[in-house]
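Chemist: Going by this note's numbering, the residue at position 19 of the sequence shown is 19; the numbering climbs one at a time, nothing skipped.
The hints are simulated quantities; they were obtained by calculation from the structure and are not laboratory data.
Wrong hints could be hidden among the right ones.
[To be verified] Derived lysine-lysine pairs resembling BS3-like cross-links, with alpha carbons at most 30 Å apart:
1) 110 - 125
2) 243 - 213
3) 181 - 144
4) 183 - 153
5) 352 - 181
6) 80 - 39
7) 144 - 110
8) 340 - 213
9) 25 - 237
10) 340 - 125
11) 144 - 125
12) 80 - 340
13) 153 - 19
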Amino acid sequence: MNFVFVSYNYDPGYNSPEKWITRIKGYAGVLTSLSENNKVTRIKQMNYEGDELYNGVNFKFVNYHDHTLHFPLKLHRLIKSLQPDVVVVHGLHNPLQVIQLRFHLNKKTKIIAQNHAEKPASGLKKHLQKIADKYVDAYLFASKAMGLDWINKGNLSSPEKIHEVMEVSSVFYPIDKAIAKAKTNAEGDNVFLWVGRLDENKDPLTVVKSFLKFAVINPQARLYMIYQTEELLPEIKALLANKPNASAITLVGKVPNDDLLYWYNSADFIISGSHYEGSGTAVCEAMSCGCIPIVTDIFSFRMITNDGQIGLLYPAGSEADLLTALNQTQQIDLQFEREKALTYFESNLSFKAIAQKIQDIAAFL
């Protein structure tokens with residue numbers, strides 16, 4: 001099949017193919033895997049023009065400037081010229097453009113829309129999403145329950161169009177834990193890791209409060225927190241101030257993305273306190289290195305843990321339930337649970353698994 005992947009956002013800050021491909025490395029592997037049995041083109045609007053063949057994928061970079069995005073005639077003409085069997089549109093937040101796209105394509109060309117954490121719109125955009133839904137053949141959501149929520153709210157019409165496909169995957173992999181710890185200097189009998197923004201949605205305060213109580217009972221446990229933003233950092237520091245076991249939590253801060261390989265492989269567990277996630281990139285990356293997830297019971301994490309069969313789920317915002325989950329980690333077989341996480345990652349969350357699901361869905365449209 002001939003696949004064309006496209007998004008409607010314009011990124012003038014990117015001016016070279018290498019920078020953009022590096023930026024999307026968590027998704028580029030899906031395109032590469034899909035290209036093993038299909039023709040794959042990715043169109044990107046940014047401050048560069050030209051083609052780049054990378055790992056079997058034809059990247060077409062165009063610069064139409066942002067004033068054309070609502071009525072992207074040139075872009076749609078380009079897509080049509082590629083004679084695709086399937087067009088995969090990134091995001092459900094551009095219904096006006098999708099409506100226009102349908103009328104530029106061959107009638108046999110299928111349109112698949114992939115959700116990237118967008119929530120159902122209201123008002124005029126909701127009305128446009130309902131119209132665009134008539135022209136979309138399938139939707140990809142990290143969790144089918146997330147897609148059904150769009151149907152329950154009236155933005156989409158048919159549950160048969162909803163397919164469960166992970167949004168992104170991981171470029172990381174297992175390495176020897178001793179080598180990883182030599183790089184990170186992580187210590188502790190059980191190493192727990194947090195990776196994310198320090199904002200209210202990620203809810204690091206609940207995690208810190210619970211872990212401080214857990215560390216009283218398990219003084220050898222350690223939590224390392226890696227974060228890109230610092231919204232709640234003052235509150236976290238206040239929680240740690242004058243606590244006798246504050247050393248159980250290390251505020252690492254920002255690290256280079258490549259160094260996450262060593263952090264994920266230093267850890268036994270990955271913790272999340274999120275109240276909402278479009279997929280859960282950090283948890284997925286951690287699982288690709290064998291980390292056992294301790295995550296909130298939300299739609300996307302139910303999928304990423306096989307409905308709680310991998311790791312432990314707890315209600316978002318519940319300090320007590322997280323503490324219970326942390327205590328349960330002391331009774332589980334670490335090696336067995338690690339192998340379960342790795343096996344589930346390979347069969348459901350890896351680049352190859354995601355590409356195969358997309359190919360299978362497209363074949364039956």
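Chemist: So which hints don't hold here, by number, going up?
Modeler: Hint check: 3, 4, 9, 10, 12 and 13 fail, others pass.
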